[in-house]
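Position chains B, C and D against the provided structure of chain A, taking the given hints into account.
Chains as they are written, first to last, in this note's numbering: chain A, 1 to 487; chain B, 1001 to 1684; chain C, 2001 to 2315; chain D, 3001 to 3225.
Rather than coming from a laboratory, the hints here were simulated on the basis of the structure. Quick reminder that beta carbons are idealized off the backbone N, C-alpha and C, glycines included. A couple of the hints might just be wrong.
To be verified - So these bits of chain A aren't anywhere near chain D, every CB distance computed over 10 angstroms: (1) LEU12; (2) LEU94; (3) ARG102; (4) LEU197; (5) ALA200; (6) GLU438; (7) VAL455.
Stated by the list, open to error - The calculated DSS-like cross-link candidates involving lysine-lysine, where the alpha carbons are at most 25 angstroms apart (straight line), are: (8) LYS1106/B x LYS1476/B; (9) LYS87/A x LYS29/A; (10) LYS2053/C x LYS1576/B; (11) LYS1163/B x LYS1655/B; (12) LYS361/A x LYS1655/B; (13) LYS1576/B x LYS2049/C; (14) LYS1568/B x LYS2053/C; (15) LYS87/A x LYS444/A; (16) LYS1163/B x LYS361/A.
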Amino acid sequence: MNFFLATLLTPLIGGVLLAMIRNPKLAAKLNVLTSCVTFTFSLLLAFTVLGKDSIHAMNDWFYLDAYNVFLVSLTAFVGMTTTIFSKPYMQHELEIGRVNERRIRLYHSMYQLFQFGMLLGFTTNNIGVLWVSLELATLATVLLVSLYRTPAAIAAAWKYFILCGMGIALALFGTILVFFTSSMVLGHGNEALTWSLLHANASDLDPAVMGIAFCFLMVGYGTKVGLVPMHAWLPDAHGEGPTPVSAVLSGLLLNLALYALVRFKMLVDGSTNTDMAGHIMMGFGMISLLVAAMSLHKQTDIKRMFSFSSIEHMALMTFAFGLGTPLAAFAALLHMTVHSLVKSGIFFTVGHAAQMMGTQKMSDIRGLIYHYPGIGWGLLIGTAAIAGFPPFGVFMSEFLLFTATIESYPWLAAPLLLGLLIGMAGLFRFVQPMVYGEPPEHAKDVRVNMIPVYVHFGLALLLGLAIPAFLSDWYHQAASLIVGGGA
Amino acid sequence: MMQSLALSVALLACGSVIMAAIVAPMLQHQQNIQRALLCGLLGLTGLLACAAGFSGLMNDGGNIILPLGLPWLPMHLRVDMLGAFFLLVIGVLVFPVAIYSYGYLKHEQRLTPLAIFLPLFVLGMMGVVLADDAFSFMIFWELMSVSSYFLVTHEHQYIENRKAGFIYLLMAHMAGLLIMGSFATIYASTGSFEFAAMRDAEIAPLWASVAFLLAGFGFGTKAGVVPMHGWLPDAHPVAPSNVSALMSGIMLKVAIFGFIRITWDLMGSGDFQWWWGALVLAAGSSSAISGVLMALQQHDLKRLLAYHSIENIGIILIALGLAMLLAEAEYPTLAALGLIAALYHTINHALFKGLLFMGAGAVLHSTGSRNMEAMGGLIHRMPWTAALFLVACISISALPPFNGFVSEWLIFQTALMAPQLDGTLLTAMVPFSAAMLALAGALAATCFVKVFGVVFLGHARSACAAEAKEVDVWMKLGMAIPALCCLLLGVLPALFIPLLDRVPYTLLGTSLLSTLASGSGSAGQTSTALSWLWLTPIGAAHASYSAPIILLGMLVLGGLVFWWLHPKGIVIRRSKMWSCGNPHTHARMQYNATSFSQPLRRIFWDVYQPEEHEHAERRQHKLLTTRVRYVVHVSDMAVKHLYQPIGRFTLWIAKALRHEHQRDIHAYLAYTFATILFLLAAFT
Amino acid sequence: MSSMFFQCLQAMLMLLMAPVLAGFLSTLKARLQNRHGAGILQPWRDIRKLFGKEVVLAEHASWIFRFTPYIVFTATAMAASVVPALLLDTPLSLTADVIALVALLGLARFFLALAGMDIGTAFGGMGASREMTFAALAEPAMLMSVFVLAIGAHSTNLTTMISHTLTTPLLIQPSIAFALVAMLMVAIAEAGRIPIDNPTTHLELTMIHEAMLLEYSGRHLALMEWASMVKLLLFSTLIIDLFIPWGISVESSFIGVLLAFVIWLLKLIVLLVALAVLETSLAKLRLFEVPQYLGTAFVLAFLGLILHYMLEVGA
Amino acid sequence: MSSMMAQQIIDGLAALTLLISFALLAQHRMLSVLHWFAAQGLLLAITAAVVAYSSGEHELYISAIMTLLLKGLLLPWMLWRVIRELHVHREVEPLLNSGVTMVIAVAVTLFSFHVIQPIQVTADLVTHNSMAIATACVLLSMLMMITRKKAITQVIGFLAVENSLFFAAIGATNGMPLVVEIGIAFDVLIAALIFGLFFFQIRDTFDSMEIDTMNASLVHKDDDE
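Chain A with its partners taken away, still in its complex shape (with noise of 0.2 angstroms):
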């Protein structure tokens, strides 16, 4: 059996099924079903490739190397534990009249579609169609962050669209610069856009064209990754929509983005031989980290909050990947892991905490530990985990990253520290009232899952603790994959 087709298909047929189911408890369920189905077809994916170095399939449409086969795990694991929240999270919203059964529906089948744009962009081999899954995901999150259709959620909408259309047009010009240069040399068909050939032939592609392509490219999927300038979409969209469509954007969506553009990395490293991508890269992460960090510190919406810690993590990883030593590289996938866990983990916290409250206003939110301790701790924890402290897995690919720093740019380490230390104090800043002290008098008692929570923390506190010896070896790999240039 086919591993991908059957990863692939699940979540486009389930979005298909859901646009047709009408009952919400039971789209709900299906959801959840799905989802399940796909981590499970996701996991032995990944259990074929282990032990091997890369995979073809399907005429070398698809591809699984040590790259990107922990993210299409990852991917169809938040994406079930997300289902698993969203289960009576939505129900709560069912109820308060927030958003009607049509819209449910649209939910549960845009959600399965946005899976299956994520899943077919991690697993594709083609950079088209790279580009056409990114665009397919970002179109599905559209549609779900207006799904309230207050004001703000259609002006996040329209922001979200206007801004990563754009941004994504670009990423598509880029796409085309790089088919312009590599038709040349492998000719005017599929094969000039088959990432792993433009790899193999990296050293033919003429550097110019790449040269331009790349900084197409960086402003298009930067813009999707979050990256300042670019990153205005992203707090709104983060804000507006409902809250498992936070916690997939934050953690998925923005991976896939900053994955395509580690590929593109990689045949521009290969073409130039020089290190204008890794900088280039390097820069967007330093100026997206301080502004993040800096931003974090005047909020007033919780969930806006934790998007800009995402654009400040995002920010790290590129930045790490632009550094291009293995144990920045190294560094950078194990926070994509672990930051994907914990930022949706934080994510379904906060989406609680707001039902509980009736608001996402965080002056409002208060006295989480006593209303719920559950949920205060978990936001606590999670918070804690964010802002780097171990034993968490954040702070070990934090501190391997600074480690990676010093050792090939000691005087980056400067602005690196004081923005890891200013975005841990705007965290805190406003973590600490809401978990602390006294519920106000509105506090209302929800239907509450926690265990996703609790299993998202409780893998970033293994990775923390002690990796497994695959996932390392992936990492490994990948890291001398991504480093290596065309090699």
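Below, chains B, C and D alone, put in the same frame as chain A:
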């Protein structure tokens, strides 16, 4: 991998504390069992850590590799002399604090968070001491910071506690990052995270200096060195008192340990540069003086004690700085003396500061207040607490025959025996630091006269003080153990110093006793058989101090005088106090904490810059004053002129950025447009 | 064994002589002020009388208050007994070096101040506050000036320091001059003499030391007074030892000690006369000028230390 | 048709495309913007057909037909519907003075040629020119999005960017592989549908198609202000 008794015992201690962290939270519904289990396991941990420390100091330590962490970077643990000594410091305070906690936590409603984070906190501290690679060090280090943050914010219903917790966590994180930077710098030169490799490697002087500075600022922040101390006076008072005792007593010492580990052990005294020691000395002197000056102006008991921690860290750093200067100038014996002095003060401070915080906790427990202005006369209500607290007061004031004096005496000896160093600046710094030490010591005595006098003596200033009750036997026992240790370490330093002497042996390759034995050996009339009686660090002719004889002499003489003068069988007459013929005074007419420190406030007016507000209510005529209100507030200069501006600046930028995030969509499109133009222009 | 004997003798002498010398000083001052004076032995008579009087304690005086006189007296006496007055090398002089000596006095002061606060009168607190404040400034100054000599002698043991002074050829050393001035200033302050404090006055808002003793009576008061007299003698002897030790007996022979006693007495008398003249001719300082006075002493001592390093060691 | 001639035709079409981009930028009336947009779509279809013919890539005919249907007819028609329904065919003031806009546009075009210059070494002249023009068109369309207030003109700008991309794909590379082409076309279609959906929602929610009013709902006020 080398197993040894010390290491096994240390691992057992870790196991016991992990057990506490896992099992105790599960017993949420049986508070008594939970408390007993928590305190029992913690006490056991303390004992085991003590045992491991002793055995590590006596024999060789061992090392072990645990399959945790990264696959290519497993967790290395090791007991060496330095680590063993600090294990001892940890154990010797954790044990009594555990006993104390059993009584202190009796009425604690929310025990479970404490049951999780208290053991983790202890685990973090022990782990730092045991760690043998940079990564494990950092893991344990941050574990210590985070868990203590949760302990600081334990009583989070008060806004001041949250604020203190925030600033604490922020500074701790900064410290962690700086330390990480230091390790990373060493790593960049060695290519390995393992301490063993770092020890062997050569580091270029520039990078060594960078690593030193990063480590200095990082550990200095955590240890509360001025001006990075801003978190300390806020965080220590708001934590539960048993936690404050541990934080002030050990956690700050673990920072000192880390500093010694990186500078002395990983880089080694061969890498020292002349200005390192000078910087440490300067930092130590300024901390010692500013700490005690600020302490004098406090009226919150625990806050006052917190400032004294800053002072004592300064004293330890003075000793360390002297040792670094001397080691750099190639006087290993004197450097060893300085190091021993620093370590001796470390364990001393752990003991008496732990005791002081426990005492403060007992007072808080009984009166419900930390405000000294509301206390008074507690010696009658809480005689045991008062007596034990007094022991700590005398110890911290560096008065014989208790332990504080011994370590300060050793530091003075180091400073005085220091030969002339290169350069006028250095030459002047050594005696100047000694002067600062003397000043700090004398001011500390002043401060503790104030503390003991205002809290325990005189009349009760409020109802809660008048109705205070003595604490239970557990708390008393918990306080009695460190008090006894203070006395023992004060009277029998000559027995303890040979044990300490092994630490400089591993770090410097030389030790005090070996030099003395191989040297002139002119121990004068003191034979080796009586060596426990005399403390003669360099030689009897240079300096000697015999605490046992002084104590004995004082006891005999005092006893004789008492026996001679004291009339037998006559009950002493009690009457109203005389008070210059005006016995009808109100309790509020006593000198209180604010008035006691008024002369110093006036003398150091320019340093304190106090804000005074005087307000008099008058009836019609200006002479008919009905009520006078005087408020004085001394704020921490560092907070006022360093922390707050930084905070304001950050907020200012954040505000500007927020405006930037509220533009309309055209602006963002324009940004993207400009970015792509810029990239194309710059990179093609 | 004879050294042990002389040690005891010397210690007894210090204790017994203290009131006599205090009497001598007050008589001298009286004469200088054209009064007759009560005689040299008046302090002894006071002490004896007080020993016989009944002790009255304030109602809620704690054990601190009751034990303080013994602690203060013992600590002062202990300190006095380690200072070589007649014989250079006595057994006890090794038990405490000069730092320990200062610390012993510090212990006495610590308890004295606590006792002042125990009763809860406004005066007691005031005295304690001022005493501790000024002591905090005086103590470093004193240690500094001692350090000037200690660094020269590479020792803080009084015996070694004295023998160092005795054995080195007499040179004009500016550092020691500075140290001497500083030491004299500190000694006046520590002993509570004019212009810092006035031991003969009570019930003044400017008093320091006496304010803490207000509640004492009977034998307690006697011990306290005695201790402060011993302290005056102790400081005088310390100055003699450190700066003009010539004449002290190096060997424990009876003749030598006797000779040393005479010389010591002479030197003391000179010092006390100087003090008496000073006290008669000066007015008491305002309270908040005292820190400046002590600060000056500290700076002088520190300058002495720097000079020592710059001029004398380097040369 | 010789390849020389085909190249000349493509060159001419490229110049036209650039011209239309300028025209789109300069237009103020909604309907004429729409007309120019439709013309651009038509031009693209022709270009695709010419390239298909000259290069012999028959797949490109499919692209040409798809382009004609989608970009030349369907999208303009949809937009026209929207304009009619929403009554937004009034003239609008651009954010930037049109003179300034033109100066920037010329500068951007020159810049594009400058940037594409290094490619010349490896590629023949025609593709180089069309690549430069495509780049210029992309940037000019972006400029249009930036300078227009109305949501609809922004969308047209966005679609113009897509058109420029398509032009780059066929003009410079003789078309992308079909699968990718179809994928892209599909995405553009969905995007356009979503745009249409949004227009009505924006109108319902905000009573205006001006972007500024929308932004106001995203402004988060602080408690302290």
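For each hint, the structure was consulted:
Every CB of chain D is more than 10 angstroms from the CB of LEU12/A (nearest about 14 angstroms), matching its label as outside the interface. Distance check on LEU94/A: its Cβ is at least 20 angstroms (rounded) from any Cβ of chain D, clearing the 10 angstroms threshold; non-interface status holds. With 10 angstroms as the threshold on Cβ separation, the claim that ARG102/A sits away from chain D holds: the shortest Cβ distance comes to roughly 13 angstroms. The non-interface label for LEU197/A is consistent with chain D: the shortest C-beta to C-beta separation is roughly 13 angstroms, beyond 10 angstroms.
Every Cβ of chain D is farther than 10 angstroms from the Cβ of ALA200/A; the closest lies at roughly 18 angstroms, confirming the non-interface assignment. For GLU438/A, the requirement that its beta carbon stay farther than 10 angstroms from each beta carbon of chain D is met, with the minimum near 18 angstroms. For VAL455/A, the non-interface assignment is confirmed: its Cβ lies about 32 angstroms from the closest Cβ of chain D, beyond the 10 angstroms cut-off. Distance hint between LYS1106/B and LYS1476/B is fulfilled; the C-alpha atoms sit about 14 angstroms from each other, no more than 25 angstroms.
Between the alpha carbons of LYS87/A and LYS29/A the distance comes to roughly 8 angstroms, so the proposed pair stays at or under 25 angstroms and holds. Among the hinted pairs, LYS2053/C with LYS1576/B is consistent with the structure: their alpha-carbon atoms are about 18 angstroms apart, no more than 25 angstroms. Distance hint between LYS1163/B and LYS1655/B is fulfilled; the C-alpha atoms sit about 21 angstroms from each other, no more than 25 angstroms. For the suggested pair LYS361/A and LYS1655/B, the alpha carbons sit about 18 angstroms apart, so the restraint of at most 25 angstroms is met.
For the hint linking LYS1576/B to LYS2049/C, the alpha-carbon distance of about 23 angstroms falls within 25 angstroms, and the restraint holds. Pair hint LYS1568/B plus LYS2053/C holds up; C-alpha atoms about 14 angstroms apart against a cutoff of 25 angstroms. Using a Cα cut-off of 25 angstroms, the hinted pair LYS87/A and LYS444/A holds, with the two alpha carbons roughly 19 angstroms apart. For the suggested pair LYS1163/B and LYS361/A, the alpha carbons sit about 20 angstroms apart, so the restraint of at most 25 angstroms is met.
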